[in-house]
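Novice: Sequence:
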Amino acid sequence: MPITLNTRKLADDLSAEDMAAFPIWEYAYDEEGLPGHEDQDETWVRPVAGSELGELLDGTSAAARFETASGQQLDGLVEVSSTIEFEYGPGAVFLDGRHLFLPGPEHLRPIKPRRELAAALGQPLEQVFPLKFTLKVRVAGETGFRSGVFE
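Residue numbers (the numbering used here): 4 to 154.
These aren't lab readings, by the way, just hints derived from the structure by calculation.
Fair warning: this is a prediction, and the values are worked out from it, not measured in the lab.
Warning: the hint list may mix true and false statements.
[To be verified] Cross-link-like lysine to any residue pairs, in silico, SDA-like; alpha carbons within 25 Å at most: (1) 12 to 62; (2) 139 to 92; (3) 115 to 104; (4) 135 to 146.
Model the full assembly from the supplied sequences, consistent with the hints where possible.
Specialist: See the structure below:
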């Protein structure tokens, strides 16, 4: 089924194909309980038209390119927010059709998902982390691409 602006899915089901079709996805909070969306809850997302992040974001997922400590390149997404100032949240790496969760700075126990990613890559933690990323979309009004690190 082709990915369109009418596509709705669970955030944890986003894939490399979804992010290639639409590099920005937002939570569809305002659709909960509406006719035709009865199964949706706060974990469902929808694609956003365009390729720039706006000024006010709340839990928007943006396509990203990751680089492991050993130099391996991976595709995925990073959740961004700018309700007060621009911040990065959790993310995910896409690997062999899987959506591997990356805990953000607010997570108290980030080691399990980090170990899962390292195991999926067949590498020890120190060859994966720190895991650098660069967003594949720009923030509106900026010329460069924002970047960060999952420590």
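Novice: Each hint needs a verdict: does it hold in this structure or not?
Specialist: Verification of the supplied hints:
no.	hint	result
1	12 to 62	15 Å, holds
2	139 to 92	16 Å, holds
3	115 to 104	10 Å, holds
4	135 to 146	20 Å, holds
The structure is consistent with each of the numbered hints, conforming to all of them.
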